[in-house]
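Undergrad: Put chain F on the given structure of chain D with help from the hints.
Heads up: the protein sequence lines correspond to chains D and F, in order.
Under the numbering used here, the residues of the first sequence are numbered 1 to 248, in order.
Under the numbering used here, the residues of the second sequence are numbered 1 to 326, in order.
To be clear, the hints were calculated from the coordinates, so they are not data collected in a lab.
Hints may contain errors.
[As the list claims (entries may be wrong)] Negatives, chain F to chain D, calculated, CB over 12 Å:
1. S98
2. V135
3. T136
4. V286
5. A290
[As the list claims (entries may be wrong)] To give an idea of the chain D side of the interface with chain F (calculated C-beta under 10 Å), a few residues:
6. G52
7. S73
8. H74
9. K83
10. T84
11. E98
12. A103
13. G107
14. S108
15. R110
16. R111
17. L114
18. E150
19. R153
20. A156
21. T157
[Stated by the list, open to error] Computed beta-carbon distance windows for the label pairs:
22. D:R123 x F:V305: 39 to 45 Å
23. F:F162 x D:T136: 54 to 60 Å
24. D:T28 x F:L112: 46 to 52 Å
25. D:V6 x F:R316: 46 to 52 Å
26. D:R177 x F:G188: 37 to 43 Å
27. F:G188 x D:T136: 19 to 25 Å
28. F:A303 x D:G9: 48 to 54 Å
29. D:R177 x F:D202: 29 to 35 Å
30. D:A58 x F:I324: 54 to 60 Å
31. D:G174 x F:R213: 41 to 47 Å
32. F:A146 x D:F14: 40 to 46 Å
33. D:L182 x F:R316: 32 to 38 Å
34. D:G170 x F:D202: 15 to 21 Å
Glycine included, C-beta positions come from ideal geometry on N, C-alpha and C.
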Amino acid sequence: MTMALVAEGIHKDFGGVRALRGVSLSLTEGEIVGLIGPNGSGKSTLLNVISGVEKPTAGTVTLDGRRIDGKPSHRIVGWGVAKTHQIPKPFPGMTSGENVTVAALFGSLRRTDLRQASEEATRVLRLVGLEAKAGTLASNLTVQDRKRLELARVIATGARILLLDEVFAGLSAGELREAIELFARIQKELRVGALVVEHVMRAVLTLSHRVVVIEEGRKIAEGTPQEVVRDPAVIEAYLGTEAARAAA
Amino acid sequence: MNFLRFLRPPTIADLRSILKIGPTAWGIAICLLVAAAGAPFVATYPLTILIYLLVFAALAYSMNFITGLTGYVSFGHVVFMGLGAYGWGTVVGTLHWSPLGSVVIGGAVGLLLALGLGIVTLRFRGVYFAIASLVTALAAVNIVLATPALGGGQGIILNLGFEPLSWFYAVWVILAIEVGMTYWVTHGRIGYGLRAIKGDEDAAKTLGIDVTRLKLFVFSLSGLFAGAVGAVNAWTVSGVFPEAAFALLFSLLMLAMVIVGGSGTLLGPLVGAVVVYIPHTYFLTVASGAEFIVIGGLVTFIALVIPEGIVGSLRRYVPILQGILE
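In isolation and in its complexed conformation, chain D is listed as follows:
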């Protein structure tokens, strides 16, 4: 059965700051949804709410009809939804291989056998092109490799829906092209769903089947990448009123 993740009317307040003001979105296994918006529009907060890092102030998140909002993140991972970190958070004293093994041992696959888990880790490292660095301490990896490691870890949890928080940010043009191709290939192979939060427009527009745009905690547009980039509300949010008028 295809897994479906639905977030409805999500509100999140941090004291007086209203980070999210009723955002709804849905995503099914196999689908890539881009989530874009200007800085501070609430993209990462939304991922944090879905992954259980933050509790929503109001609204619900359901996975195949089951409420998951407010549940601890380790349980949400167990149900097959896993998130990468905007700033990679590798376990510094462990090798890349061990980092990924942790995910295989504790994710939704729950491998209890160490050998099975490390075989799984090797397989996933090969998938993301990090197999040559399996024995390297995570603290010695380059930025690009750390991002790959983040991706490898969420895949190794066995998650069916990946929440990717700016995995394409901070890469050079060449690295970016490589990363986009890599991710497209992996997604095709594993048939996972992905909610991709991104500043890098090229990555979102190339990869996504559907794009959701939020601004100041509200959804302002949703549609195919082509529709969204022509939407006056989106142009206004990104470039200001003048540009929107000129485009129209």
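TA: Just chain F now, with coordinates in the frame of chain D:
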């Protein structure tokens, strides 16, 4: 009931896997067995030295469970020792239980206390956890002093015999179990989880680790063993005295041993115990007080120069030892 699997009779494969525990575990096992076999033939004075060395080592392994494996500095760890000793003293003194069997009560008190405290204090991170644990230890002394049933300022004085061999074997068993548990914890799935928590707790959570439960598990183990050692320690002086039972010095020594030996390692606490115990005992008789200067200097030196401790640094800088030392 998966976890009860180990109750089935051992198979040949099990016995073979026991042989594969690696050189470090073998080395410790042999040392422990030699000590156990030789103890009856050792004169009283060296035997008491050996007993206190094992007490130190057992405390170091206890601290290693929480501070070594998760990075949470349990500054008030002596509270488990102290209340374990009081638990033991109470059942021995008022219920007249055997001092040896009552060591289990000491452990139980430590375990329950760690569970109760851990649920609250393990929510704090870094220095806040250290402060919370320190405050707990300071509060515990005052609560005990104000409790007439526990003897108030006088403590619990027992009239037990001088039985160094019983003390020795009691602490030996605790130490052996601790080493076994440390091996089991660090070599399995839990070990990966703990290393992940030590590395980055938030990342550990988002990869499916129930960090609260795992931290509570090792903290409880830590409390269990510290409580049991506290009981044996009280037995060696035939009584429980508030100022001595809750002396913060013990917390500091436990931390020093873990840091010096190599935190989170299998051999580190033992090495740390030996290295810290020697100046501690030597200067106590020669120039009392000087031991603190020596131990303090040693800890500062290690923390600054080789923060991974003796065992961790040997592993890092001596390539041959990498596959041998753990």
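Undergrad: Would you mind marking each hint as holding or not holding in the structure?
TA: Here is how each hint holds up against the structure:
| no. | hint | result |
| --- | --- | --- |
| 1 | S98 | holds (40 Å) |
| 2 | V135 | holds (27 Å) |
| 3 | T136 | holds (26 Å) |
| 4 | V286 | holds (40 Å) |
| 5 | A290 | holds (36 Å) |
| 6 | G52 | holds (8 Å) |
| 7 | S73 | holds (5 Å) |
| 8 | H74 | holds (5 Å) |
| 9 | K83 | holds (6 Å) |
| 10 | T84 | holds (8 Å) |
| 11 | E98 | holds (7 Å) |
| 12 | A103 | holds (5 Å) |
| 13 | G107 | holds (4 Å) |
| 14 | S108 | holds (7 Å) |
| 15 | R110 | holds (8 Å) |
| 16 | R111 | holds (8 Å) |
| 17 | L114 | holds (7 Å) |
| 18 | E150 | holds (9 Å) |
| 19 | R153 | holds (6 Å) |
| 20 | A156 | holds (8 Å) |
| 21 | T157 | holds (6 Å) |
| 22 | D:R123 x F:V305: 39 to 45 Å | holds (41 Å) |
| 23 | F:F162 x D:T136: 54 to 60 Å | holds (57 Å) |
| 24 | D:T28 x F:L112: 46 to 52 Å | holds (48 Å) |
| 25 | D:V6 x F:R316: 46 to 52 Å | holds (49 Å) |
| 26 | D:R177 x F:G188: 37 to 43 Å | holds (42 Å) |
| 27 | F:G188 x D:T136: 19 to 25 Å | holds (24 Å) |
| 28 | F:A303 x D:G9: 48 to 54 Å | holds (51 Å) |
| 29 | D:R177 x F:D202: 29 to 35 Å | holds (31 Å) |
| 30 | D:A58 x F:I324: 54 to 60 Å | holds (58 Å) |
| 31 | D:G174 x F:R213: 41 to 47 Å | holds (44 Å) |
| 32 | F:A146 x D:F14: 40 to 46 Å | holds (43 Å) |
| 33 | D:L182 x F:R316: 32 to 38 Å | holds (33 Å) |
| 34 | D:G170 x F:D202: 15 to 21 Å | holds (20 Å) |
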